[in-house]
Amino acid sequence: AQKVTQAQTEISVVEKEDVTLDCVYETRDTTYYLFWYKQPPSGELVFLIRRNSFDEQNEISGRYSWNVQKSTSSFNFTITASQVVDSAVYFCALKDTGFQKLVFGTGTRLLVSP
Amino acid sequence: GAVVSQHPSRVICKSGTSVKIECRSLDFQATTMFWYRQFPKQSLMLMATSNEGSKATYEQGVEKDKFLINHASLTLSTLTVTSAHPEDSSFYICSARPPRGSGNTIYFGEGSWLTVV
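Residue numbers (the working numbering), protein chains in the order written: chain A, 1 to 114; chain B, 115 to 231.
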């Protein structure tokens, strides 16, 4: 069965701090896709990053970076030099090739204060 | 720009009436769209998978007669909440998947806030 766990319910940081959001996933499939989405107070889901199970390297895109540890099935997301506009709920999600739907974690609320 | 558009963004309806929410895929033809429901401060729960030209596939516990889904074209899926009740008040959001071979990212609409009074 597919499952995504985000153990952090809420994180508060001060602007310019780095923050890492944790995600642990479960799937039986060997090919799968991991996502991070951002949901600001307005409600829309903003796609941030996708990582394929066959990707070998961890990546950086601007202030975002992500790290997959297959040994622990973790898919962590880091925001460098956080900004107030980063305040939102962040969802980790999993999609495998067997099921086309996304399975979401429970979300982590990030509060960045000035 | 938006890849998936949802309308209306907010709607208030009276108890007992029906309300329709539209989800449009703007940049690609989507044979499959998904409808999610989100209660305040909770995660997104998949309600149903909308399949173009065929019946929707509902998740366990979702009343198909109450939440009617129609996917009449490759760019439009609609969700109709029939005989709405206050407990149907929620945030509804749709997503669309590009055709096979066009990538595996799933894009979401802006969501629709439904309030039943």
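Derived from the structure by calculation, the hints contain no laboratory data. Where hints are given, some of them may not hold.
To be verified - For each label pair, taking beta carbons as the anchor points, the in silico distance ranges come out as:
1. 26(A) with 182(B): 30 to 38 Å
2. 155(B) with 64(A): 46 to 54 Å
3. 70(A) with 200(B): 25 to 33 Å
4. 173(B) with 14(A): 21 to 29 Å
5. 72(A) with 132(B): 33 to 41 Å
6. 64(A) with 154(B): 41 to 49 Å
7. 134(B) with 67(A): 17 to 25 Å
8. 140(B) with 83(A): 38 to 46 Å
9. 18(A) with 199(B): 44 to 52 Å
10. 127(B) with 41(A): 31 to 39 Å
11. 5(A) with 165(B): 43 to 51 Å
12. 85(A) with 140(B): 45 to 53 Å
13. 128(B) with 42(A): 37 to 45 Å
For every residue, glycine included, the Cβ atom is placed at its ideal position computed from N, Cα and C.
* Kindly indicate which numbered hints from before are broken by the structure, ordering the numbers from low to high. => 2, 3, 4, 5, 6, 7, 8, 10, 11, 12, 13
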